[in-house]
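Note that the protein sequences, when read in sequence, are chains A and B. Here our numbering is used: the first residue of the first sequence is 1, the next is one more, and so on. Here our numbering is used: the first residue of the second sequence is 882, the next is one more, and so on.
Quick caveat, the hints were computed from the structure, so don't treat them as lab data. A couple of the hints might just be wrong.
[As the list claims (entries may be wrong)] Examples of chain A residues toward chain B, derived with CB under 8 Å:
| id | residue |
| --- | --- |
| 1 | 53 |
| 2 | 82 |
| 3 | 825 |
For glycine and all other residues, C-beta sits at the position ideal for the given N, C-alpha and C.
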Amino acid sequence: MQFDKEAYKATLTRHSKAGTNPEDLLERYAITLPTTNEQIAAQVKAVRAFWNQHANGNARFAKTAKWCKDRDGELKARLGGQLETIAWWQQRAAAEAKQAEAAVQRLTVSLREDYASLGAVTARNAAAYGSLQGLSAEHAISAARQAGLIVVDEKVQLPEQPPINTVQFNNLTQKLREAQVKTIPELLHPGSGTFKIVERYACTGKPALRLDKEAISEQKEATGKAINPVTTAKGEALATLSNALGGGVNLDAVALCHLVDLVKNAPPPAAKRELAGLGVEATDAAIIAALLDGRQKATQVNLADQVRKLLADGQLKEAEGQAAALPDGDDKSDLVKLIAASKQELGALLAKAEAARQASDEAEAEKYLQAARRISLSDAEDLLRQLPLAPPGAVSATGDAESVKVFWQRGPGHDESVVYVVARTEGRAPAAPGDGTPVYRGAEVECADSAAPAGRPVQYGVFATTEGRTPSRAGSVTVTAKPPVWNLRAETGIGTVSLHWQAKPEARVMVTRSPSGAAGGAPPVEVPVSGSSVQLADLPDGVTQLFAAVAVYRGAEGEELRSLPRTVTATPRGEAKPNDTLRITTSLAAGQTRVRASWKQIDSSEVRILQTVSDQPWPYGTVISPEEVRRGGTMLSGHVEVSGAERTLEVELPGGMHYLTPVSVGGTGIAVGRSRPTAIIDPVTNLIPTPFADHASIAWHWPGTVQLAEVSWRAQGDSDDDWESYVLSRAEYESKGGAQVPLGQRPVEIEVRAVITANGKRYPSAPVKDTVIKVMKTAIRYRVAGGGPFSGRAKKLTFTADEPCGGTAVRLIAVPGTIKPTRPTEGVTVFETTLSLTPGVPAEYRAELPKTIKKPYWVRCFVMSGPGRLVDPPVGDMKED
Amino acid sequence: MSEQQGIYGIDLGTTYSVVAYIDETGRPAVVRNTDGEDTTPSVVYFETADNTVVGKTAKEAAGFRPDDVVSLIKREMGNKDYSRSFYGQELSPSGISGIILAALAKSAEEETHRPVKQAVITVPAYFGLLEKDATKKAGEIAGLEVIGIVPEPVAAALAYGVTGSGDGTTFLVYDLGGGTFDITLIKMTDTSVEVLAVDGDHKLGGADWDARLFDYLKDQTVEQTGDDSINDDEATLQELRRLAEETKKALTKAESKKVNHRLAGGMATSISVTREQFAEMTSDLLEATVTITSRMLDKAEERFPGVLGQITDLLLVGGSSKMPAVAERLRKEYSWEPKLADPDLAVAKGAALYAAGQTVRLVEAEAGDAPAEGTGRTRSLPGPAAIAAVAADTGLDPKQVEKLTKTIVNVLPKAVGIKLADDKPDWDSLSDEERFYVEHMVHAQTQLPYQAEKFTAGTMRANQQTIEIEIWEQAGAVPGTALSANHRVDNAGLIEGLGSFRLPAGSPIDITFDVDAEGTVNLLAVEPTSGKELKMSVKIAIMSDEQVAQEKAIVSALRKGM
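Whole structure, please, built from the sequences with the hints as guidance.
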């Protein structure tokens, strides 16, 4: 037994495509018994490896492999290593065989009971019996044989249709009857006795006989020339057979068809007896009867299935009719009960639907009718058609805009096919979709009516319609339209304001004016209106005026109905002067660059800041129109801080070069001021200084495509003048692994700015800052020398420092061997002291090496605590060979 | 400790792995891989016989060469029967994990310019003996000295900077990773970290949420295109799986996401998924975590009455805990406000911090300064010299280092015991399930180290020469004595040397069973009448030494090509 990967893959593929899983363990593990422990262990291992390889995929095949793997896990948990032993598989096979044996015995008894009278059973029917007991087809066939039955193979079939055309066949049948001949073999070989016919005609007593041309000729001769109904019929029957034979038809098949036709309506046991009586040999009679039995059972199953399908398709009446025609049996009685229950349910649903309809709850009624439709289409379909749709919900309208807007919601059960129709009437609600003035037809849930009469109440009705259904009742609303003025605009000149608007012809327009910010002060003043405009002069320069226009209508009772006001502000201004005072600063807040634009207000004009990505085309002082401004760039907007004459606007701008230009909006146009270029550069991020002994290494993330950075530093406490800096490129940064700044005795403040160059100028980003706390320890150098001639094991230690350094505890150790000591705890402590050094003044000490330290050895000094750091002397000082 | 080595902690995750180290400023920093990312997909692509790829590229390769890609290997840790063959080389889950660890170590070396020799590796708190051993073996196969195996929730607690008070701070760690779910109750004092209770499911994680979304996208694709042949198209399905993961991540920030996809045949699909839909299709998975959490809390309250009232915090760990539905559900169920901070990286950072603590102990041991073992549950804290040495080397503040040397008191997540014969009539004719049972010597949730009471077994036959001893561990969530409720964790354990005693059948043998602080099981067998210790050869190991050496050689060769 060798694991055949391809064959196993094909097995799993077959299952995955069929949507099944390999339930049979022998198939799942690809094991063929008998085998050995080693072979089983190897096979199980190989199969597991296969699942491991494929189970993580996503395709159906992978799912099948995963299923196998998961079941294997369960088996392993239960059985442990037994799965890999031949003993377990054999035990299992034996247990299964035992179970199967018991089931086969039970099946044998069942089959014997049901088919003894036939003496035969088709393989398919036997398998069907077997599957009820959980047995395979092979077991079922074995049981059938044990029951003494002939098992008819699936390949053996009864012909569905005669091999000659129906008219000829029926004629032949008729002639045989008239000729008083029961069967075709009897016609061609009268008195020849029993015969087999299923595979082919074979006379039991005379095997050489055939249903062929010779037999026909013989019988034609034997019939003779006598003319009587019998011989005539015989002759005609022989002629039909002769023609059929001449056309290549096998007369054995014709004979079999004829026999089947004779007995097809008889119950199979009776059919068997009848066939035997007709001369068919006993086995063949049993086979034909068994095949007929199989055909009837299949038909019965088909019929019952058809009834079930009709029920599922909501064809209750048809199902009822067909169920009545079913042969008696379990299927029929089950189906009859089911149909009765369905009828009861249908009745209840129809009653509920009717009650809901009468209560004008169309949605509820529809729900019941849809449920009833699933049981009986014909009963519910008409009722559904007659049932109006549920009306749309929450219909509302507003008359305070240029047109009346009507809104509604989809009603219960409204799907995409529903079309809403909106109509308008006066004095009453629309009664039907075609009643009144049509306003809208469509699938949306709102519409606008620009033709609604203003100043008097109108009614809108919204109807839901769809093909094949009665339209809904109206969802209606009443509204009085009061359209306000529209297109209200103001134009300013030097000290003047002109207002223009549009309004409904029925409206009288009232306009009031008040200085902006005058709320609570003097009431607004009505201004004289001329047609659809107002002209005002001599208004104070630079003072913003607020204008409000209201459309006034006369109601049905003569009352005044006012629309909502529309307002506009206008500021008459003098001639604008170009502004040269713009200053730009940038800062960093929450990782974003913010731009502050500040300027001085030099006249009464309104100064706005125009932003462009390249220098704007107008020279300083040019007067341009609002349209040119709109085309030329973007006006920055935001809150403007006012402090005396100073104005400041703070905005966020995206990265890149920007040109900010102050433009002054005055009474005669817009004056272009002095432009300022501004670079918005994303700052560096993730600034990380890493202190080392005498310097700090600075690292950061570079923004975008920035290639330069400026690194600045100063000692904490120093003035702004003490900043030192340098610029380095990204390439330099990467090659050096960062930037470096020196450390000193005080913490160091660091700032890093990303830099871009444009037009020959450098633009830095907002700085990113950090402080390095670590201070550089004072360097203390030391030397170790022999104590002098005849000094023996004495050592002279000399410590020096370039800066004052006190309180540094040091230890000199001696370690035998050739490896340089790295820790103060190694070897033997020779000397310890606390240093207090003055710059330029060496401190000398003597120490004695213990006698236990023999060459080769190392001596080395370590700092134990304090602000100093030791600089080791040359190796020659420290190492004695 | 060599000045040249760094201190590393590795979060070896089911779907993503992270390696962190203590940088010069004393902070835990995460190593960026060659893709510039902090997390590395735990996926291995066996491209050729001598080239393997780990990470994002390997994940992409699953689309066109799925049979040569391994993922979710952590779910197989502890499974002795799992192996994969590539180009004639067979690898266990430890071997495949070793490849991932080797790749992570290489990235760390490239970033820090220091060799990676020692590391702490994290495991789910719910990992049993075999899984932990498998993880340790993976480290060895990768050429690392594994100086500690730390539970992920404990590492996360260290990273979160939970400070223990004198009386102890009690908190929950809800760790929903890519492939495993752990819920752990921890009590932290100023000297120790005690795991009070632990539970979880090491086959439940973010990958299961992805799978639901994947099924939804697949079904929608079939519905929109009317073509179900994609069920057999691995490349398309792999792309859908990638989109599923992407969509899951997007839904942590947005309320909905539109997934547009064009199939190989040119047909395009557009599938909308809302956060609500996603929560609905995965609600049972989330409920499973809540059920496990409540089960653990009940057990904890039983063992430590009143402990529920002491819980002050609920920490969320693991990338999958970022899903808004998680915090929402936990908030609804329990009274604690879930805390979420850097859930993808916390475990690795905590492992690096734990490694710093472990390094102190190693330094002490090397210097011969290790104090005598303390009694009871807490070990003595290391001395100041070792702390100072590690502080000087790492740049950490000595006080910080001292805090990191807190003693970790773990619990045994699953009951462990011995297989015994059940004295029944007709014993020989019974099945194994009927003949044997498992006597649990140490129950789940027992704090370690722990020594069980002496247990007396009897010989079955006269003059028995040896006793075969098998150590079994609880297999599922609920302990049981049946064999099917447990699994064997040792390799052919034997008590030998009985022959010389010529004992009659039924003679007693005393067995002492203890579990040390790291969860290692130790047995001692004594013949009581003579008091003589019997020779025991019980080794809990997922792989033999030969297997480890073999796979180490394979991985070492592959590492050269990485």
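Quick rundown of the hints versus the structure:
1. Contact between residue 53 of chain A and chain B, as hinted, is supported at the beta carbon level, the nearest pair being about 6 Å apart and thus within 8 Å.
2. Hint on residue 82 of chain A holds. Least Cβ distance to chain B is approximately 7 Å, under the 8 Å limit.
3. The restraint placing residue 825 of chain A at the interface with chain B holds, with a minimum CB-CB distance near 7 Å, inside the 8 Å limit.
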